[in-house]
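**Q** These are the residues of each chain, in order.
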Amino acid sequence: MKALVWHGTQDIRCDSVPDPEIEDPRDAIIKVTSCAICGSDLHLYDHFMPGMQKGDILGHETMGEVVEVGSAAKGALKVGDRVVIPFTIFCGECDQCKRGFYSVCERSNRNKAIADKVFGHSTAGLFGYSHLTGGYPGGQAEYLRVPFADKTHIKVPKGIPDEKLLFLSDIFPTGWQAAVQCEIEPNDTVAIWGAGPVGQMAVRSAVLLGAKQVVCIDRLPERLSMAAAGGAITINFEEESVVERLNELTGGKGPEKCIDCVGLEAHSTSTLDAMYDRAKQAMFLETDRPHVLREMIYVCRPAGVLSIPGVYGGLLDKIPFGAAMNKGLTFRMGQTHVNRWTDDLLRRIEEGQIDPSFVITHKVGLEDGPEMYKVFRDKQDGCIKVFIQP
Amino acid sequence: MANTLPRTALKGRSQSANDKLASGLGWFSIALGAAELFAPRALCRWLGMEGHENLIRAYGVREVATGVAILGSHDPQPWIWGRVGGDGLDLATLATGLHGDNPRKGNVMVAMAAVAGVTAIDVLCANGLTAEKGGPATAIADYSDRSGFPRGVEASRGLALDVQPQNRLTTPETQRAFPHAST
Ligand SMILES: NC(=O)c1ccc[n+]([C@@H]2O[C@H](COP(=O)([O-])OP(=O)(O)OC[C@H]3O[C@@H](n4cnc5c(N)ncnc54)[C@H](O)[C@@H]3O)[C@@H](O)[C@H]2O)c1
Ligand SMILES: [Zn+2]
Ligand SMILES: [Zn+2]
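Line by line, the protein sequences are chains A and B.
Whatever position you read off the first sequence (first residue = 1), add 19 for our numbering.
Whatever position you read off the second sequence (first residue = 1), add 249 for our numbering.
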């Protein structure tokens with residue numbers, strides 16, 4: 020089959036690889052009908068996340084049709100079922116899964132020993148996302164093997180197009196969890212850094228959850244125009260001071276809730292801390308660029324909540340923890356517990372509360388995938404979300 | 250849609266020939282810079298241009314820094330143009346060694362030919378990278394009609410207040426605001 024394969028830093032190719040096979044009785048194989056490129060894939064493309072190996076198949080936003088079911092998954096799935104595959108692989112039986120914390124499933128990471136060493140305790144296995152999270156082949160491919168398939172799937176009805184459903188795999192529940200864990204109250208101002216796909220979903224989620232004022236921060240006019248369409252007030256951080264504008268919009272008090280939908284590759288124009296990060300990262304003294312995190316800690320209203328869906332990989336420097344502690348801020352973060360939210364979100368899609376397909380700007384075949392990585396990474400051609408039909 | 254896409258790469262690959270060339274030039278910069286930094290005396294002697302050691306060392310720093318920037322940045326294009334500028338500086342400096350009483354004039358000419366050759370490659374690469382960016386026109390898109398809310402923004406505000414308690418990730422009781430304070 021054809022698949023998008025990681026060959027090294029900024030080198031992704033559409034290769035022919037062997038078809039996946041059932042390896043465990045709980046596996047299933049799906050024929051991929053659509054998949055997408057995520058902002059998280061860019062951290063792999065740019066090689067900021069460790070644990071990638073040449074030959075790894077990428078992709079963790081995937082849906083399709085079940086074509087083969089292992090003996091132990093037969094009760095839950097049958098050939099022909101239409102499924103969206105969550106990016107977090109989970110067993111459904113361990114202590115964490117029982118509590119609904121699927122992205123920290125204790126059993127789905129088959130490289131648990133390495134992850135235990137790096138993070139103290141292992142997190143869940145993820146599709147196409149480095150050997151730290153299990154080294155499972157991803158879904159930017161014609162076929163995908165789904166481990167723990169009896170649990171790791173979201174059944175979706177026929178009759179709704181892929182475009183509306185695919186993002187249940189990741190960015191929609193990610194933006195949703197980011198907003199939900201803020202515990203939005205009706206008078207809140209929710210400030211969202213990043214108007215990428217995750218930021219767009221966070222804007223919609225914050226509106227659905229009733230926030231009075233939603234503000235979105237980025238530097239790309241086309242992304243800001245999409246955030247504004249979803250009900251956000253926008254701030255272009257290259258043209259105005261984020262802190263000043265946010266204080267202005269909140270009577271000088273700062274937003275109650277701040278969401279980081281940017282993560283470790285944050286940009287900045289020319290502030291001192293950004294140059295410091297660039298230099299330290301180049302010398303391998305720091306792995307991530309936490310510009311957004313610093314800004315959030317600084318501008319957030321005391322006793323407010325910082326929600327961090329943006330991905331960080333390793334060591335962060337110059338975090339104003341004194342400000343965070345003294346202001347009594349609450350930090351909420353993590354990879355998304357996808358299946359915790361998807362029944363509810365599928366219902367909202369079916370009822371027409373939201374149509375997540377608004378975010379798709381490019382539709383291509385698998386062979387155009389590698390090129391689209393570059394277009395998406397460089398924000399060319401107004402690209403916000405790439406939808407791939409293998 | 251496809252025809253508006255900048256053709257950035259070889260079919261089926263995310264690294265274009267120009268990207269490859271750019272990283273080659275990055276390594277070349279570092280190697281040349283290292284030579285200039287650590288063996289300026291030998292270089293000057295070979296060129297018959299003794300007395301320029303400190304200048305050569307400074308050029309070495311420039312080369313290494315440019316090389317690191319090319320290899321380390323998302324977008325090597327401005328740095329490759331930087332290399333073109335540096336090449337000009339190198340050529341101008343070398344030209345001062347062409348005077349009649351330099352016994353090593355031949356070597357200076359060899360060096361200038363080499364730099365001119367590299368300059369041509371730099372210009373080719375920088376032009377290629379610039380073309381691949383697709384120009385400013387490709388970045389302009391207006392998505393102000395994409396709300397994602399079939400019922401419109403205002404009618405959607407608060408629609409999800411029905412979210413079930415088990416589907417909330419709640420703050421510990423001790424950190425929660427008093428209920429009456431929140432409206
Ligand atoms: N927690 C999870 O489970 C989960 C799931 C999906 C994605 N993610 C992460 O969410 C983040 C965003 O993903 P995406 O797909 O939207 O990626 P993206 O790269 O398309 O979006 C990031 C956006 O942030 C903007 N940005 C950069 N620096 C900024 C700054 N200083 N201030 C404000 N905005 C800035 C960029 O211009 C860009 O539009 C990534 O880190 C991704 O890894 C996390
Ligand atoms: Zn993702
Ligand atoms: Zn589990």
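In case anyone wonders, no lab produced these hints; they're calculated from the structure.
Among the hints, a few may not be true.
Negatives, chain A to chain B, calculated, CB over 12 Å [claimed, not checked]:
| no. | residue |
| --- | --- |
| 1 | Gly74 |
| 2 | Asp114 |
| 3 | Lys131 |
| 4 | Asp169 |
| 5 | Ala225 |
| 6 | Asn266 |
| 7 | Gly333 |
| 8 | Gly347 |
| 9 | Leu385 |
Derived DSBU-like pairs: lysine-lysine, alpha-carbon spacing no greater than 35 Å straight-line [to be verified]:
| no. | chain 1 | residue 1 | chain 2 | residue 2 |
| --- | --- | --- | --- | --- |
| 10 | A | Lys73 | B | Lys382 |
| 11 | A | Lys50 | A | Lys117 |
| 12 | A | Lys382 | B | Lys354 |
| 13 | A | Lys21 | B | Lys382 |
| 14 | A | Lys21 | B | Lys260 |
| 15 | A | Lys346 | A | Lys117 |
| 16 | A | Lys50 | A | Lys131 |
| 17 | B | Lys260 | A | Lys183 |
| 18 | B | Lys260 | A | Lys73 |
| 19 | B | Lys260 | A | Lys398 |
| 20 | B | Lys354 | A | Lys21 |
| 21 | A | Lys337 | A | Lys382 |
| 22 | B | Lys260 | A | Lys177 |
| 23 | A | Lys382 | A | Lys177 |
| 24 | A | Lys21 | A | Lys346 |
| 25 | B | Lys354 | A | Lys50 |
| 26 | B | Lys260 | A | Lys382 |
| 27 | A | Lys231 | A | Lys21 |
| 28 | A | Lys398 | A | Lys73 |
| 29 | A | Lys73 | B | Lys354 |
| 30 | A | Lys346 | A | Lys174 |
| 31 | A | Lys131 | B | Lys382 |
| 32 | A | Lys97 | A | Lys21 |
| 33 | A | Lys231 | A | Lys174 |
| 34 | A | Lys398 | B | Lys354 |
| 35 | B | Lys382 | A | Lys398 |
| 36 | A | Lys183 | B | Lys382 |
| 37 | A | Lys136 | A | Lys73 |
Backbone N, C-alpha and C fix where the C-beta goes; we use that ideal spot for every residue, glycine too.
**Q** Check the structure against each numbered hint from earlier and tell me which ones fail, lowest number first.
**A** Of the numbered hints, 5, 8, 9, 12, 20, 21, 24, 25, 27, 29, 30, 31, 34 do not hold.
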